[in-house]
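Student: Sequence:
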Amino acid sequence: MERDLFDYMNYKEYLLSWIASRPKKGRGTRASLAQFIRSPISHISQVLKGTSDFTPEQAEEVNEFLGHTTEQAEYFLLLVQLERAGTKKLKSQGWLIPQAA
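The opening residue of the sequence shown carries number 94 in the working numbering; numbering runs sequentially from there.
Possibly wrong hints are sitting among the right ones.
[Unchecked claim] Listed next, the in silico SDA-like pairs over lysine to any residue satisfying Cα-Cα at most 20 Å (straight line):
(1) K105 to R120
(2) K142 to K182
(3) K117 to M102
(4) K105 to Q151
(5) K105 to R123
[Said to hold, decoys possible] Label-pair restraints from in silico Cβ distances:
(6) R120 to K181: 17 to 25 Å
(7) F99 to S185: 17 to 25 Å
(8) T163 to D100: 30 to 38 Å
(9) E106 to T163: 17 to 25 Å
(10) T180 to T144: 26 to 34 Å
(11) K117 to K184: 17 to 25 Å
(12) S114 to E167: 21 to 29 Å
(13) R115 to K181: 20 to 28 Å
(14) S110 to R177: 15 to 23 Å
Treat the hints as calculated values from the structure; they're not laboratory data. All C-beta atoms in this analysis are idealised placements derived from N, C-alpha and C, irrespective of residue type, glycine included.
Model the full structure from these sequences, guided by the hints.
Tutor: What follows is the structure, given as structure tokens:
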């Protein structure tokens, strides 16, 4: 059973799980996502490996690709902002930590 987006506090873990839940274990999904958001597949791989992050603009495109509802889209964008935060202090700020719907 696929976990819900709101069960995650890390958007990369969510995406990896979502991809793995696709038919054929997600084969071709990274390439489709890269094409949809107009980004090299190498960037998608770097994001999912944890060495890079989506920009807010790319995250919005990912929301569209995944067909998120408005609430899911807002939560996903917060997860991206949380991951992009540059300091532990900023990451620990209460307003930045998403609250499950």
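Student: Taking the hints in turn, state whether each one holds.
Tutor: Do the hints match the structure? See the list:
1. Proposed proximity of K105 and R120 is supported: the alpha carbons are some 17 Å apart, at most 20 Å.
2. A distance of roughly 24 Å separates the Cα atoms of K142 and K182; the hinted pair therefore is violated under the 20 Å criterion.
3. Between K117 and M102, the direct Cα distance comes to roughly 26 Å. Violation of the 20 Å bound is thereby established for this hinted pair.
4. With a C-alpha separation of about 13 Å, the suggested pair K105 and Q151 falls inside the 20 Å cut-off, and the hint holds.
5. A distance of roughly 13 Å separates the Cα atoms of K105 and R123; the hinted pair therefore holds under the 20 Å criterion.
6. With their beta carbons about 37 Å apart, R120 and K181 fall outside the hinted range of 17 to 25 Å.
7. The given range of 17 to 25 Å is respected by F99 and S185, whose C-beta atoms sit roughly 20 Å from each other.
8. Distance hint check for T163 and D100: the Cβ-Cβ separation is about 18 Å, which falls outside the suggested range of 30 to 38 Å.
9. Checked against the given bound of 17 to 25 Å, the beta carbons of E106 and T163, roughly 22 Å apart, stay inside it.
10. For the hinted restraint 26 to 34 Å between T180 and T144, the CB-CB distance of approximately 18 Å leaves it violated.
11. Distance hint check: the CB atoms of K117 and K184 are about 35 Å apart, inconsistent with the given range 17 to 25 Å.
12. For the pair S114 and E167, the beta carbons lie near 22 Å from each other, so the given range of 21 to 29 Å is met.
13. The hinted range of 20 to 28 Å is not satisfied by R115 and K181, whose Cβ atoms lie roughly 34 Å apart.
14. The hinted range of 15 to 23 Å is satisfied by S110 and R177, whose Cβ atoms lie roughly 20 Å apart.
The structure fails hints 2, 3, 6, 8, 10, 11 and 13 (numbered hints given earlier, in ascending order).
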